[in-house]
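Asks: Residue-level listing of the chains:
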Amino acid sequence: DTGVSQNPRHKITKRGQNVTFRCDPISEHNRLYWYRQTLGQGPEFLTYFQNEAQLEKSRLLSDRFSAERPKGSFSTLEIQRTEQGDSAMYLCASSPGQRGYTFGSGTRLTVV
Amino acid sequence: ELKVEQNPLFLSMQEGKNYTIYCNYSTTSDRLYWYRQDPGKSLESLFVLLSNGAVKQEGRLMASLDTKARLSTLHITAAVHDLSATYFCAVDLNTGGFKTIFGAGTRLFVKA
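Residue numbers (my numbering), protein chains in the order written: chain A, -9 to 102; chain B, 45 to 156.
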C-alpha cells in the first residue's frame, strides 16, 4: 500500500465550471476526511466519512460542495459553479479509527 | 467552538540553537497532534499525544502535553537547516466523529 492517493494533483478551471477530485485512502482505513487549506493557513475541516456514511459536514461546505464515498472505498469531492474563493489545496486523509491521520498529497485547485 | 492557537507564527533561528513552539487550545480534548509540512507538500504526522503529561521525542524534536493547562509544546534541540518547515498542532473536537481543528501553523526557518 502506497498511502493516500489523490487525483489530480493540480487543477486549473474557469470560474463557473464544475470540478471533481478523487481520493483513494489506505485500504484498511475506515475513516476518510476532506480538508481545505489556503495559503498560509492550517487545514480546515470539510467533511468526514466512516465507511460509506457521511457523518459530519462543516458549515464551510456550501451547497455547491458535495462529497461521496460509495462502498466505503474511494471518495470524491465535487465543487459546482466554482468561484475564485474556492482556490485552495484540498487534502484528503484517512485513519483506522483512534490514531492520527495519513494525509494525501492534495489537489491544488486554481479558479481563474 | 474549539480554537487552537500557536505561537510564534514565524520563527527564524540559527543552527544549533534551542527553541519551543507553543500550542494552546480552548476546550477539553483527549488527543493532540503535531504535523510537519514542507512547502507545496502534504502534512506529515510527527506526534500523537493522548494523555496528560505525555512526552514524545523523535530526533531533535520533543512534544509534550498538559491537558489541565490545555497546552502542548514542541521543543527543538540544536536546530539544523533540515528542520525548516511549517509545524501545525491540531486537536480533536470530541463530537464522536473526531473532527480535528488545526492551528495556523508555525513557519520555522533555520539559518545555516
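Any given hint could be a false lead.
Here are the computed lysine-lysine pairs in the DSS-like style, where the Cα-Cα straight-line distance is at most 30 Å [to be verified]:
no., chain 1, residue 1, chain 2, residue 2
1, A, Lys47, B, Lys155
2, A, Lys4, B, Lys85
3, B, Lys112, B, Lys85
The following label-pair restraints were derived from C-beta to C-beta distances [stated by the list, open to error]:
no., chain 1, residue 1, chain 2, residue 2, range
4, B, Pro52, A, Glu34, 17 to 23 Å
5, A, Arg49, B, Asn51, 22 to 28 Å
6, A, Glu42, B, Val124, 25 to 31 Å
7, B, Glu49, A, Arg49, 18 to 24 Å
8, A, Arg5, B, Gln58, 42 to 48 Å
9, A, Glu34, B, Ser89, 14 to 20 Å
10, B, Ser89, A, Gly75, 40 to 46 Å
11, B, Gly103, A, Glu18, 42 to 48 Å
12, A, Asn8, B, Thr72, 26 to 32 Å
13, B, Glu45, A, Gly75, 41 to 47 Å
14, A, Arg5, B, Asn96, 30 to 36 Å
15, A, Pro86, B, Pro52, 30 to 36 Å
16, B, Pro83, A, Leu50, 37 to 43 Å
17, A, Glu18, B, Lys100, 32 to 38 Å
Calculated Cβ distances over 10 Å to all of chain B for the following chain A residues [as the list claims (entries may be wrong)]:
no., residue
18, Gln31
19, Glu34
20, Asn41
21, Leu51
22, Gly62
23, Gln70
24, Arg71
25, Glu73
26, Ala78
27, Leu81
28, Thr92
29, Gly94
30, Ser95
31, Thr100
Worth flagging that the hints you see were computed from the coordinates, not collected in a lab. Ideal Cβ placement from N, Cα and C applies to all residues, glycine included.
Asks: Against this structure, judge whether each hint is valid.
Replies: Consistency of the hints with the structure:
Proposed proximity of A/Lys47 and B/Lys155 is contradicted: the alpha carbons are some 41 Å apart, above 30 Å. Between A/Lys4 and B/Lys85, the direct Cα distance comes to roughly 24 Å. Compliance with the 30 Å bound is thereby established for this hinted pair. Of the pairs offered as hints, the one joining B/Lys112 and B/Lys85 is violated, with about 34 Å between alpha carbons and a cut-off of 30 Å exceeded. A C-beta distance of roughly 21 Å is found between B/Pro52 and A/Glu34, which places it inside the suggested range of 17 to 23 Å.
Checked against the given bound of 22 to 28 Å, the beta carbons of A/Arg49 and B/Asn51, roughly 27 Å apart, stay inside it. For A/Glu42 paired with B/Val124, a C-beta distance near 45 Å fails the hint of 25 to 31 Å. In this structure the hint that B/Glu49 and A/Arg49 lie 18 to 24 Å apart at CB holds, the actual value being about 21 Å. A hinted range of 42 to 48 Å holds for the C-beta pair A/Arg5 and B/Gln58, which are about 45 Å apart.
A/Glu34 and B/Ser89 have their C-beta atoms about 18 Å apart, which keeps the hinted 14 to 20 Å range intact. The hint said 40 to 46 Å for the Cβ distance between B/Ser89 and A/Gly75, and at roughly 29 Å that hint is violated. Distance hint check: the CB atoms of B/Gly103 and A/Glu18 are about 28 Å apart, inconsistent with the given range 42 to 48 Å. Distance hint check for A/Asn8 and B/Thr72: the Cβ-Cβ separation is about 41 Å, which falls outside the suggested range of 26 to 32 Å.
At roughly 22 Å, the beta carbons of B/Glu45 and A/Gly75 sit outside the given window of 41 to 47 Å. The beta-carbon spacing between A/Arg5 and B/Asn96, approximately 49 Å, falls outside the hinted interval of 30 to 36 Å. Range check, A/Pro86 to B/Pro52: about 34 Å between beta-carbon atoms, so the 30 to 36 Å window is met. For the hinted restraint 37 to 43 Å between B/Pro83 and A/Leu50, the CB-CB distance of approximately 24 Å leaves it violated.
For A/Glu18 and B/Lys100, the hinted distance range of 32 to 38 Å is not satisfied, since their beta carbons lie about 24 Å from each other. The Cβ of A/Gln31 sits about 6 Å from the closest Cβ of chain B, inside the 10 Å cut-off, so the non-interface label is violated. With a closest Cβ-Cβ approach of about 7 Å to chain B, A/Glu34 is found to fall inside the 10 Å limit, against its non-interface label. Every Cβ of chain B is farther than 10 Å from the Cβ of A/Asn41; the closest lies at roughly 13 Å, confirming the non-interface assignment.
Every Cβ of chain B is farther than 10 Å from the Cβ of A/Leu51; the closest lies at roughly 12 Å, confirming the non-interface assignment. Chain B leaves A/Gly62 outside its interface by the beta-carbon criterion, the shortest separation being 15 Å against a cut-off of 10 Å. Against the 10 Å criterion, A/Gln70 stays outside the reach of chain B, whose nearest CB is about 24 Å from its own CB. Every CB of chain B is more than 10 Å from the CB of A/Arg71 (nearest about 26 Å), matching its label as outside the interface.
At roughly 23 Å, the least C-beta separation between A/Glu73 and chain B is larger than 10 Å, which holds for a residue marked as non-interface. The beta carbon of A/Ala78 is kept farther than 10 Å from every beta carbon of chain B, the shortest such distance being approximately 13 Å. Not every CB of chain B is more than 10 Å from the CB of A/Leu81 (nearest about 6 Å), against its label as outside the interface. Chain B draws A/Thr92 into its interface by the beta-carbon criterion, the shortest separation being 7 Å against a cut-off of 10 Å.
In this structure A/Gly94 is not separated from chain B by more than 10 Å, as the shortest Cβ-Cβ distance comes to only about 6 Å. Interface exclusion of A/Ser95 from chain B breaks down, the closest Cβ pair being 5 Å apart, not more than 10 Å. Here A/Thr100 stays apart from chain B, with its beta-carbon at least about 13 Å from theirs, past the 10 Å limit.
The structure fails to meet hints 1, 3, 6, 10, 11, 12, 13, 14, 16, 17, 18, 19, 27, 28, 29 and 30 from the earlier list, while all remaining hints are met.
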